[in-house]
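Colleague: So the protein lines, in turn, are chains F and U.
Counting from 1, position 54 in the first sequence corresponds to residue 54 in our numbering; the numbering is continuous, with no gaps.
One gets our numbering by counting positions in the second sequence from 1 and adding 463 to each.
To be clear, the hints were calculated from the coordinates, so they are not data collected in a lab.
One thing to keep in mind: the hints can contain errors.
Pulled a few chain U residues facing chain F out of the computed Cβ check, cut under 7 Å [as the list claims (entries may be wrong)]:
{"id": "1", "residue": "E481"}
{"id": "2", "residue": "D484"}
{"id": "3", "residue": "I497"}
{"id": "4", "residue": "Y500"}
{"id": "5", "residue": "I501"}
{"id": "6", "residue": "Q503"}
{"id": "7", "residue": "F512"}
{"id": "8", "residue": "P522"}
{"id": "9", "residue": "V532"}
{"id": "10", "residue": "A536"}
{"id": "11", "residue": "P542"}
{"id": "12", "residue": "F544"}
{"id": "13", "residue": "P553"}
{"id": "14", "residue": "V555"}
Below 30 Å or equal to it, Euclidean Cα-Cα: the simulated DSS-like pairs (lysine-lysine) are [said to hold, decoys possible]:
{"id": "15", "chain 1": "U", "residue 1": "K472", "chain 2": "F", "residue 2": "K389"}
{"id": "16", "chain 1": "F", "residue 1": "K359", "chain 2": "U", "residue 2": "K496"}
{"id": "17", "chain 1": "U", "residue 1": "K554", "chain 2": "U", "residue 2": "K472"}
{"id": "18", "chain 1": "F", "residue 1": "K359", "chain 2": "U", "residue 2": "K465"}
Partial chain F-side listing against chain U, Cβ under 8 Å, derived [what the hints assert, rightly or not]:
{"id": "19", "residue": "P78"}
{"id": "20", "residue": "A282"}
{"id": "21", "residue": "I283"}
{"id": "22", "residue": "R303"}
{"id": "23", "residue": "R322"}
{"id": "24", "residue": "G323"}
{"id": "25", "residue": "L336"}
{"id": "26", "residue": "Q354"}
{"id": "27", "residue": "A355"}
{"id": "28", "residue": "V356"}
{"id": "29", "residue": "F368"}
{"id": "30", "residue": "V461"}
Cβ atoms here follow ideal geometry from the backbone N, Cα and C, with glycine treated the same way.
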Amino acid sequence: MTDLLQLPWHEARAAASGRELVEASIRAIDALNPKLNAFLHIARDAGEGMPVAVKDNIVTTGMPTTCASKILGAFLSPFDATAVARLRTAGCSVVGKTNLDEFAMGSSTEHSAFGPARNPWDTSRVPGGSSGGSAVAVAARMVPAALGSETGGSVRQPAALCGVVGLKPTYGRVSRNGLVAFGSSVDQIGIVTKTVRECADILGMIAGHDPMDSTASTHPVDDYAADFDTGVRGLRFGVVREAVGQLEGEVRANFDEALRVLRSGGAIVDEVSVPTIGYAIAIYYIVANAEASANLSRFDGIRYGHRSARARTLREVYFESRGEGFGDEVKRRIMLGTFALSSGYYDAYYGRAQAVRAKLRADFDAAFGRFDYLLTPTTPEPAFPIGAKTDDPLSMYLNDIFTAPANLVGIPAIAVPSGFSRQRLPLSLQIMAPRFEERALFRAAGFFELETGYWRERPPVCA
Amino acid sequence: MKIDRTEAKRIADLAHLEFDDAALERMAGEMTKILSYIDQLREVDIAGFEDVAAGEQTPLRDDVPRPPVDRAAVAANAPAFSDDGHFVVPKVIGD
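Here chain F stands alone, though its shape is the one from the complex (with noise of 0.2 Å):
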């Protein structure tokens, strides 16, 4: 019954009930989860449906939402998420909470509140993060597909890591309605799968306009997988010289092999210029933390969540809850946003940083003028040692070095696994496209992954 998780989502459909696949999903994390900690909570109660997993930091009706922080308690959220009540109107069922770095902050899901979730291909290795969970939980096989969410490669980095498919769609084609806010003008839901028509299939049920998010674009939703095996014949990839001319080792020809593969279908691939993305960490880490800063002001101990028990002042209440319930590092993105606002420091910083990134925009314009898509490896390295880069903050941010600009920009992205280190550990390869491209998007990454053949790997730990 297990094996009906290994098969792509519509042959398993065709061999079994809503109700076997959900069995069988959570028979999977019974098994798993307690190895691998990428669910939160289990919704035993589940019902019948294609099983999806559920980010933390998207709210769900009749269970938790946690965020992975202490601050919000035992909180129940009253409504769903537009995407996730999509989901479930589509004929998908939520078989749990995926593990995440608290509010999303972070690259290695290490800083969750409950414990980091674990990588199945080395268990003493990082999941990536903050979607972490969600990418353990494809991974692994316990559920075909999740939802993550995506501040600066928060899906496509934990998919990296992991060895399997990450999309963040354009910036305004999934209802942020529900997912818990970060960074307002980068934020959106992502979608982890397997294959990339799975990936297209659930982009089709959640995008779309929505009136409860003002951010949600009314661009007509496309038929995602319409040109899924058309191959890419004379399409144009540029890849960003100022990303690869740092690469070198096993990233370096596993990037080369993956344009080979890509040249033998046809596809003209040169190189690209995108000068101001060296700035994108330095950018997204003003612009996001500043965001999050007034985003995360709501958790004050007085509607929700965790309230000290020591205070006995309204500002101990405020100071103390938030003390208490918060991480280091969500305290220390809090900091440097709030610094970045701060009078005296507005236009050095939060005004600067969203000029340079307006340039940022402009270099992608000109770049995409060129091309069809852009590439790049979608991380500098694969998954890392637990505890390895958690004492240097900095050092953990640079992982988004690849992604983060993608995020900026607002454009769709792709991570589609593209090999093995010699550790056995999953390489990627990220694909840009121009915003409301992703059909473009999943043609191009569908002829890779059907010249490759990688999903079909399975990870130690499933065997």
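Got chain F sorted already, so can you dock chain U onto it with the hints?
Modeller: Quick look at chain U alone, frame taken from chain F:
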């Protein structure tokens, strides 16, 4: 950009975050290191890109009432909620 203890305390107060002395010291050091990295943004020529948000509008909806969130669900999540539907907090005046 160097963040010293005084500056860290100013920011912590704005952010409504309580830190003990050791934690504040650590935070000041970490922020200094991160801001030093971020300071490379100063070297970028931003001529022509300063007025980013010009012309942007937030879409508005009609001012028509909609059903509110279920009060029982709100009460269930609240640390302290009175029978007549108020969030209970410590006395504000005379703080």
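Colleague: Mind listing which of the numbered hints don't hold for this structure, in increasing order?
Modeller: Numbers 2, 12, 29, 30, in rising order.
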